[in-house]
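Student: These protein sequence lines map, in sequence, to chains A and B. Each residue of the first sequence is one higher than the one before, starting from 1 at the first, in this note's numbering. Each residue of the second sequence is one higher than the one before, starting from 1001 at the first, in this note's numbering.
Calculated from the structure, these hints are not laboratory results. All residues carry an ideal CB built from backbone N, CA and C; glycine is no exception. Just so you know, not all the hints are guaranteed correct.
[As the list claims (entries may be wrong)] Here are some, though not all, of the chain A residues that point toward chain B, as calculated from beta-carbon distances under 10 Å:
| hint | residue |
| --- | --- |
| 1 | Val-121 |
| 2 | Pro-148 |
| 3 | Trp-158 |
| 4 | Glu-271 |
Number of protein chains: 2
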Amino acid sequence: MKIDRDAPIGVFDSGIGGLTVAREIMRNLPSEKVVYFGDTARVPYGNKSKETVLRYSRQIIRFLQEQKVKAIVIACNTASAFALDAVRHELEIPVLGVIEAGAVVAAKVTRNHRVGVIGTVGTIGSGIHKEQLQKLDPEITVIGKACPLFVPLVEEGWLHDPVTAEVAKRYLGELKVQEIDTLILGCTHYPLLRSTIQEIMGEHVRLVNPAYESALELKELLTRKGILASGKEEEEFPYRFYVSDLADEFKSFANSILPYDVEMTQKIDIEKY
Amino acid sequence: MKIDRDAPIGVFDSGIGGLTVAREIMRNLPSEKVVYFGDTARVPYGNKSKETVLRYSRQIIRFLQEQKVKAIVIACNTASAFALDAVRHELEIPVLGVIEAGAVVAAKVTRNHRVGVIGTVGTIGSGIHKEQLQKLDPEITVIGKACPLFVPLVEEGWLHDPVTAEVAKRYLGELKVQEIDTLILGCTHYPLLRSTIQEIMGEHVRLVNPAYESALELKELLTRKGILASGKEEEEFPYRFYVSDLADEFKSFANSILPYDVEMTQKIDIEKY
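Chain A with its partners taken away, still in its complex shape (with noise of 0.2 Å):
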């Protein structure tokens, strides 16, 4: 298959999270094109079974082919965990998702080989990062938390606040005792609580941050494969973004975290694909 270098990248998130993962992409890859998709109507993934999860993201993934993407980052820890590896084997263009990119910086950067991982029940339940890490290298023990009250907290704005600086004093207290020295944000609304959680576990742990190590890896496989954008065609929008409910508050969200402004946010029937 001849993949079009101009096509734009594919992102989608259960929700909102999966901003932080497109700002990445926008900043370090100036020139792509981005579409994404939050799956707001069927929010959080966190909680649902594995089987619902890839059945979500078949859905989501046959919209985004439609909008003729040339590859798709996974931005969701959860479908991450449950989706990448049978969807990577049904496309023909290429798949990225969180937890690999963050997995394999992880692994490179830790010496002591003792690895924390925070993110929601479902994905720390899927114990998908420690199978990762040790793919890697065995030697790595990993130590998971499912931290379910930061999502929240994020959403109600609450970034630096005192009550969060409690929820996370207490969730990561079990992490601090397990003398960590590198901790993955598991779930894509925690960078935008890196500094609390970063006072809290000291400046000696190393926090990683997947949807930035994600943009980055997206930018080598994208020149590795000649498939980098030429950057010769002007597009009035560039970012596109979709929903499949409530798109009014996603855009107030979105306009709070994306240094654009989102012009274009539009509800779709996710369930009919």
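Fit chain B to the supplied structure of chain A, relying on the hints for placement.
Tutor: Chain B in isolation, oriented as in the chain A frame:
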């Protein structure tokens, strides 16, 4: 239509919160059988549009009708707000909603005609409590406040916790200065935070628990229609629980709040209905 008095009551919610309603029905109508459906695959409803919630509610009602229920209690506030009126006209069996039940009691007990309502973003944004209360008494001033962190705090099990108390203080502060004398717990999870909320609001504020009030209204309605259970039919499983995803986690939450062992929880594919 002749209604079978020994048929079960159907109760549904977007997830596990409606179990507080099922619990009140079990306590106050011990001869009744209950079929509970929790839409755990598509929880929460609070951030979804009216159109989506109505479609989901109709699917669940089709499932409950297949179970031959004699009456339906919509235990979910969002679904009560968005679907009760529509489905009531479509069904021959009686349908109750938690919002109406709470509003009737609040209108009766308020003395200064200032009623507060707390709930999810969806419920509060819908203005449905205001509409219902002012239909009952146009003199009533309704002050709504969305408390989006309460549900995840309850689901985390932090029921009696300084973090929860601090979050509650912040949310309820706005209501305190409004000098309400009555406060509707407009989300099915909130009765589990009752003591914290009462302490912050003060003893002079009457908390209205729509879970309890719905059970009383149901009792009255079944009595009036002459379809209270005869109590003659002994059944091995008088309470049956169905979910759309992850039946095991549901079971453990149900067992933590219900004074019964949840013998039988089955996962069904609700999207087929």
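Student: Take the hints in turn and mark each one as holding or not.
Tutor: To see whether the hints hold, each was checked on the structure:
| no. | hint | in the structure |
| --- | --- | --- |
| 1 | Val-121 | holds (9 Å) |
| 2 | Pro-148 | holds (6 Å) |
| 3 | Trp-158 | holds (8 Å) |
| 4 | Glu-271 | holds (8 Å) |
When held up to the earlier numbered hints, the structure conflicts with none and fits them all.
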